[in-house]
Amino acid sequence: MHIQAGMNVLPYRWHMLARAGLVAGLLLGGCGDDAGGFGTGAAADFGAAVDMTSRDGGGPPPEVEIEVSFEPPAVGATRLYATNAGAGRVAVVSATDFTIETVAVGAGPLPAVAAPGRDLAISLNREARSLTLLRTGESGTVPTTVPLAHDADQVAFDAAGRFAVVFEGPSERRRNFQDLSVIDLDSGVATRIVVGFGPSRVFFGPDDVAYVVTEDGISILDLTRLESDARPVLRSFGARVADATVTPDGRFAIGQIPSEGELRQLDLMTGEVAVADMAEAVSDLVETPGGGMADAGMPPLDAGTSGVPARLVEVTDVDLDPSSRFALAVLRTAERAVRVPIGERFATPAAWEVLMLDGEGVGSLVLSSDGALAVGFSSALAVEALTVLRLDAEPIDVRTVALRKTVRTVALSPDGSFALVLHRPGEGNAVQDPDETRRIDRSDGFSLVDLATGFVRLSLTAATPEPSGVALDPAGEFLFLALRNDARGVRSFQAVDVATFAVDVVELTAPPTTVGTFPSLDRAFVGQEADGGRVTFYDWRSGERQTIAGFELGAGIRR
Amino acid sequence: MTRFTISGLVLLAATGCPGEDFTTGEVLPLDDAVVALDARRGEVRVVRLGAGGVVDGRAALVFDERAQGVRVLPRPGRTDEVLAFHQGRVGDADEETLDAELVLVGPEGERGRWTLDGPYLSFAPDVGGRYVLVSQPRGRIAFENRVEVIDLDAPGVSVPLSLRSLGGEVPTAAAFSPPLPSEGETPLRVAALFAAGQLSLFDLDAPDTPPATIPTTVGGSAGPMPIEARFVGREVVVRTASSSQLLVLTLNDFVGEGGLRFDPSIRTLATAGPVRRLSVDPRSDPPRLIALAGTTLHLFDLGTGAEAQIAVPLQHAFVGLFDGPAPGDPVVRPRLVSYGGTAQLTFVDLGEAPTAVRASSDLRLQAAPVATDLDADGGRLVLYGGGTGSPSTASRSPFAILDLFDRSATPLGVTSLDRAVLAPEGRSLWLAGTSDGYLARLDLDTGELEERFLPGGERITALLPLGGGAERALAFTRGGPSALGAFRVLTPGELEADADPPRGAF
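Just so you know, the protein sequences line up as chains Y and S, in that order.
If you're matching positions, the first sequence starts at 10 in the working numbering and goes up one per residue.
If you're matching positions, the second sequence starts at 2 in the working numbering and goes up one per residue.
Bear in mind the hints are in silico, worked out from the structure with no lab data behind them.
Ideal Cβ placement from N, Cα and C applies to all residues, glycine included.
Keep in mind that a hint or two might mislead.
Unchecked claim - For each label pair, taking beta carbons as the anchor points, the in silico distance ranges come out as:
{"no.": "1", "chain 1": "S", "residue 1": "369", "chain 2": "Y", "residue 2": "413", "range": "43 to 49 Å"}
{"no.": "2", "chain 1": "Y", "residue 1": "182", "chain 2": "S", "residue 2": "369", "range": "53 to 59 Å"}
{"no.": "3", "chain 1": "S", "residue 1": "234", "chain 2": "Y", "residue 2": "497", "range": "38 to 44 Å"}
{"no.": "4", "chain 1": "Y", "residue 1": "151", "chain 2": "S", "residue 2": "316", "range": "50 to 56 Å"}
{"no.": "5", "chain 1": "Y", "residue 1": "238", "chain 2": "S", "residue 2": "254", "range": "52 to 58 Å"}
{"no.": "6", "chain 1": "S", "residue 1": "357", "chain 2": "Y", "residue 2": "334", "range": "56 to 62 Å"}
{"no.": "7", "chain 1": "S", "residue 1": "357", "chain 2": "Y", "residue 2": "216", "range": "53 to 59 Å"}
{"no.": "8", "chain 1": "Y", "residue 1": "408", "chain 2": "S", "residue 2": "282", "range": "56 to 62 Å"}
{"no.": "9", "chain 1": "S", "residue 1": "359", "chain 2": "Y", "residue 2": "413", "range": "36 to 42 Å"}
{"no.": "10", "chain 1": "Y", "residue 1": "146", "chain 2": "S", "residue 2": "186", "range": "32 to 38 Å"}
{"no.": "11", "chain 1": "S", "residue 1": "357", "chain 2": "Y", "residue 2": "550", "range": "18 to 24 Å"}
{"no.": "12", "chain 1": "Y", "residue 1": "193", "chain 2": "S", "residue 2": "286", "range": "47 to 53 Å"}
{"no.": "13", "chain 1": "S", "residue 1": "75", "chain 2": "Y", "residue 2": "550", "range": "51 to 57 Å"}
Here chain S stands alone, though its shape is the one from the complex (with noise of 0.2 Å):
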């Protein structure tokens, strides 16, 4: 069990100056603030930001000097908190052992602290964004095999599971429930621990209680690995590494006493090759379930398993669901478009069961997208070229909007810009060439473009947008008067104004 602390946090004067040496690695957005990380000195920072993007306030999280693997995360699921952890060490022969600690942080700074019962290699935050799992404990000649569960909603609880019933597999990522109905007095709140060839359902409020483990494949040979688990209501659809089926586990209600509170049984769908992408698709009842495989697009009845399918092209990676009309349909209606890695997106016009499909149609650009960004109730999606990784340090470049409803694309003439991202409303996309310090927001309803550029030369290494509903971006830079670079808070309508954009840092 954790050690709950409120340690650590050092206040900084709303007006104080920013730490000389702080060398600026990740930036994380917040809702009117922004997180730095200083890997280096294990050091993580905050800037509250005010009205116009000036400096509000500051906070600073240090960690032992002995930290290390010092990391930062988003939350999932949440805009205005952020993860801190580091992985602790293991002592030598005159000192002790640091344990692992990882740190919620808000825009005022840490929220809650959890001291874990030794290092830890890794954390991972769940999708849902309530909890974290680390893993792999440092040892001095072999790794233990324990795993940690923190539930960010109980401040300073985590939950050490028993893994003697998973036949010596080290477990590697996780999913959890929602809290689900149950005849005992608490929800019912399930995680599944993936290793190789099976998966554990555990009771997180009995960890003490052996899991259920089931396999992934019959006979002697390992299965192939597990990779992502959804929850969709007292199911588990479960997509794993190499095989043509997804496995769909059902929590039934455990009849007898002792035990797990649940009773999970197995069926699978099969689908016609290893699931690229699943998605769970709440508009249909019961929930409709898309699967990417092969040259497939699965839509599949949970309830009874019934499935229909859709021609696609190997390559198409994503699936975009939306409500809209389309040409020679007006009615809103469920919608879904899968595209990525080819120039052909494919569109669904869905009916009201899981499996009605009402047409499907192509469309074919003039060039493939290499990254996407969908705005799925401003039914548009963003179609870059260039590089890929993280939106905010990757290269790319829009070449063309593409309206979801009309399924038309506007193509864009920018060239030679190096970064853009979408706000997260949908209405701005932020644009900025790195090296001449050229900084632009295109309004995607009105096609009105603002632009400037930065003075001296600087450089533009992070472009991201910020949370809070204002459509704002951060770009941080370096090559300015600041040796250890500074950002700038971008706020619609104030690009092309007279006086250049507060300039702030770390």
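Pulled out of the complex, with its shape left as it was, chain Y reads as follows (with noise of 0.2 Å):
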């Protein structure tokens, strides 16, 4: 289950690229793929990344979008809430005095969601096809039952914590193709809303609006007049885009048509589409005779309807500016990014911005909080670099910084000063071979990167760092890995100072299934695979630790 979450609305979540959305929630029976590493979904789609052929059969894979989450959905203000999906109960963790209080919820509960910064949590309950709201205050947690009219599996709360919106995502077990509730969180009110065809994602704008992305465009809730006897306002694109954003504030959405090689901006307020043609961007290369598209060693290219090589003007990567000012779209087989401006001017290509990405392969880009910065890299070529690009600069300047190993996925801290950067591993035997540079290459590692002075530090590890196992106090100032590998007995704990980017290991007895911070209270925690439950919590000021276990088998107890 994915939060679904504007990116106005979680301060702390480093988006990256959205598609993929990787969480790993707080369910006891653990969430450790077929090799028992940490998460899911993340593996599923590194497989693809590392396959080197592309789907048309020839020319570079594409990109792998990875989203690194690091709020997981299970943490409150002060509260952890654990899900037991066999039990039909949410543990409900105190990270100030470790008291622990057991709920019972309805039948076929997915792993908990909780309100970002609020002691408030929604357990989804499939299989009663209701949902709990749990509210957590200073006398406990009470419960309340809301029965649902639809199946719904994600949970997306609005910035106030006044709403939140369930629906059924993409998944090949959907059912519920159009139907969502809104849940008032005050008065435990749902009310239900049709929607256009196959939600996905939920953005949340200014004056309480949400922005429901659909197949057939974006469906418009006022959330503060719910009609149930009515539909609310379905704008499209005028063709099916993909990876679908809503600007922050809430005037338009952006999608992308990536073989025509098209962005599409969709006035919400009047329905209006403007298409930026990709080809614009790279007629210069079109039009130089013989041009240097053989010299770099590229595949034939075959010309689209508007007469410029489909590839080349493949859109690998859009990103939004978080102040709605920009849409960044790499063309990765062109080595261009393209600033697109937001507005009246998007579709006019005398307004954008081309920038040169040459020879680094960048295939996917990274925007900081402010938009002011953004990371190049790719996720499917073989490429040991990152590309580091000051858009607040003029001009724009553009540096690589080298790597020691190829990029699964980067993430940028909030204040843009440093990127995260998960490596995958090669193929081989790392421990036993005695060169240096092959060693590395062929072992799990990460890196963080000082994006002022391009600092590197390589850090190796026994498991693959995976999106969803990694959390960033509120203040930047530590960071921290769980790693897991049932197959070789790897299950920790990694406090990085960021400061310093050095690292202390923890050792944990039981797999880690989920890691995350409560930042009012300076700590952090690792949820563990353990029967009963398992809770590590870390305070990062004195390096002090408290498990609590066995939560679970308190709510088994016979009296």
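Make the complex out of the two chains shown on their own, each in a separate frame, by following the hints.
What follows is the structure, given as structure tokens:
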């Protein structure tokens, strides 16, 4: 299950690429993959990434978008909500005094999702077709069960914590394609709404408006004036787009048609659609007879309908400026990024800014939270480098930072001071290889990159660091990574001092399943797979640890 | 409820003759007395020992002739009492059922008797020595699922526990709390009954109140069997057969009316594997919990759940606690030694906090002991080779004395010994050769050895320490003048005297 929320909702959530949405829930049954690794979906996506054959049988493989989420869904302000799916209960663990209470919810609960910054969580009880609101106060947790008229497996909270939207997201088992419910978190009232086909994400704009991304377009919900007897407004892109995103100000939605080299801007007020044809950004390459593409060693290009080879204009990534000023599109084959202003000049090529990204195979970008900095990399090509773009410089400053391993994904710290690079291991036995370079290539690991100086700290790990196993304290001083590999017996927790990039390893007794922080308590936690439940809290100031476990057994006491 | 009787004790004249047909089986020592069992006859005899080891008096305990399964066991924590039990018997069509009985036996003979509500197959005293659990009543067709708890401090009183809330599980063992402070008029006494995948906590003073039953796992499948529970204040630490975690139950005060006087909550302490040995170290506050699991020695702070780990060999099965100096550290501190099954011992120097570890070090011997005796006060560990089993009857020879303070081993040049026991006071190591009648005592303080051979080809079949603070031991022999065997009381300093130690018979 994902948290679906707008980028303005989660201040400490390091957004990178938004498609994969990986979250390791604190499901007591564990969430390891077949190899006992940390997380699940990421491993599947990663498998696609290392397959160096493209979908059409030629050319480089596609970029794989993996989100690094630093806020596990089960973390409230001071409580951890740990779901025991088999028993139909949620353990509410206090990170303040480590007391535990166990609350019964409906049958077949999915991992509870907490409202960011509040001690309030929602348990979606899939078998019972209901949800349970868990409100925790000084006197304990009060559960309120709300029937649902449809299946749901996703929860999105608005930033103010007044509303939640529950729906069924894309999956192989999806049965509900268009119904969702808006939950008034104060009254517990659920209002069923029918939206466009196949909702996948929910964004919240100002003025209590929710934007639901569907295959048909964007359904717009005025949360303060919900009408159960009327359909909400649906705005269409005029074509099916991928990775639709709503700007934080709620004015526009941006989508892309990668194969057509198009970005589309949907005005959510008027429904007007503007098209940015990326062919305009590479016209110089096409117009030059015998131009540089062949020289660059690229495979033959098939011309599209615009006369520009389709692969040349293929958009491999799009990111939105958090301030809604521009969209940044990456054309990997053309080795360019295009900064397209959002608004009236969206479809005006003369207003675009084309950035040359020669030589490093950049196919993906991550933007800093202020939009002033972008880091480019490739999750598909065997490139051991990052490309750092200072977008606020005039002219834009583009630098390359060399790494020692290939890149799986990258996340930026909220202040843009450093980047976390999760690497992927090469094939072969790393331990027994006497050659240091090969040993590094074959190992798991991550790098921390000081974006101001280019200083790189490489840390090899005994297990693959998963995007869902990373947390950052709100002040950006400590980074936490959970490592798990059951086959190798790896079960540890790493605390990284961001000031020095020093790494401390804390061995765990049980395999970690999730990691997160309690911003107000200076504590990180790591949930572990153990019969009865197990959570270790880590005080990042003192280094003290406190483990509580067995709390699920308490619910089974017969009196 | 049981019927308390004082019957069945037959006092023999202090100078009377032992029964001619008494076949000595189990022999148990008491302070200044020894108890022997003839299981075939269902008879228990007590011989009091006077100065110089001479027989000072006798008593006999005779059960009903239909009694079956007569056994004797030491009473844990007491050196002056043993427990004798018979299972009773299910009556046939024309005879009455014989109830099981438990008798507390002291040097003077019977001290108390508990007649139970029917036959029971097994009895088990708890480690604290106050309670005895009798279980598995015998039935004609099927076993009834009943247990009774006998309070040895309450003559004649046993408490049948209501097992209806155990979900059909059969309790297999139990642990009991010391009296705990309670808001009620009487201190809280809790019994923990073990059954497959669960344990149940009873208020011993409200036996009809359904217990609190705690599962040892979550989910549908049966959890691991609890096999040990240690009460530490109001917390109960439970070791299970196969789980890689300890359960910690906290007996909170119950708020409300009716029901139990406590409200248990549970947490767990993860370990590196199933726990082989569990110890509670009271030298820290809160007590330090020590668990051997896998290749790890865990030190837990029961209050906070904090933990320290020390790597130890997989074979280690014992933990010895002692206070003393160490090489390079003359300060007397709390320390421990982990050992067993391998030639490597691991010493851990502890701090004040439960998880504080000042240092740890390994010591490798030339051979792996198969048995050990720890003298914590004396700072000694006696290492044995040879067989395993009951120290009084197992064939074993000491091969080294380990000084825990300077961590050095003194090898012993003794071979071909079959019996060796350490006196409770820790100073005398008694040795015997079973086939040649060899007896010896090694003074562990001075290193002096005294020895003699018994005359007449007597075979020593048991060697056991006697209580009473005199470092004495008792050797039981066969093949001598007495066809039914005889015993000798061995006293330090008198083994090499001209006269043979006085001989007695049951």
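The hints, checked one at a time:
The hinted window of 43 to 49 Å between residue 369(S) and residue 413(Y) holds, with their beta carbons roughly 47 Å apart. Hint check: residue 182(Y) to residue 369(S), Cβ distance near 57 Å, so the stated range 53 to 59 Å holds. Judged by the Cβ atoms, the range 38 to 44 Å given for residue 234(S) and residue 497(Y) holds: they are separated by roughly 40 Å. At about 53 Å, the beta-carbon gap between residue 151(Y) and residue 316(S) stays in the expected band of 50 to 56 Å.
About 55 Å separates the C-beta atoms of residue 238(Y) and residue 254(S), a value consistent with the hinted range of 52 to 58 Å. About 57 Å separates the C-beta atoms of residue 357(S) and residue 334(Y), a value consistent with the hinted range of 56 to 62 Å. Distance hint for residue 357(S) and residue 216(Y): a CB-CB separation of about 58 Å, consistent with the stated range 53 to 59 Å. Restraint check, residue 408(Y) to residue 282(S): a C-beta distance of roughly 59 Å satisfies the suggested window 56 to 62 Å.
A hinted range of 36 to 42 Å holds for the C-beta pair residue 359(S) and residue 413(Y), which are about 40 Å apart. One distance hint, 32 to 38 Å for the beta-carbon pair residue 146(Y) and residue 186(S), holds here, with the actual separation near 37 Å. Remark: the range hint 18 to 24 Å for residue 357(S) to residue 550(Y) is upheld by a beta-carbon distance near 21 Å. For the hinted restraint 47 to 53 Å between residue 193(Y) and residue 286(S), the CB-CB distance of approximately 52 Å keeps it satisfied.
Taking 51 to 57 Å as the suggested C-beta distance range, the pair residue 75(S) and residue 550(Y) conforms, at roughly 53 Å.
When the structure is compared with the earlier hints, no violation turns up for any of them.
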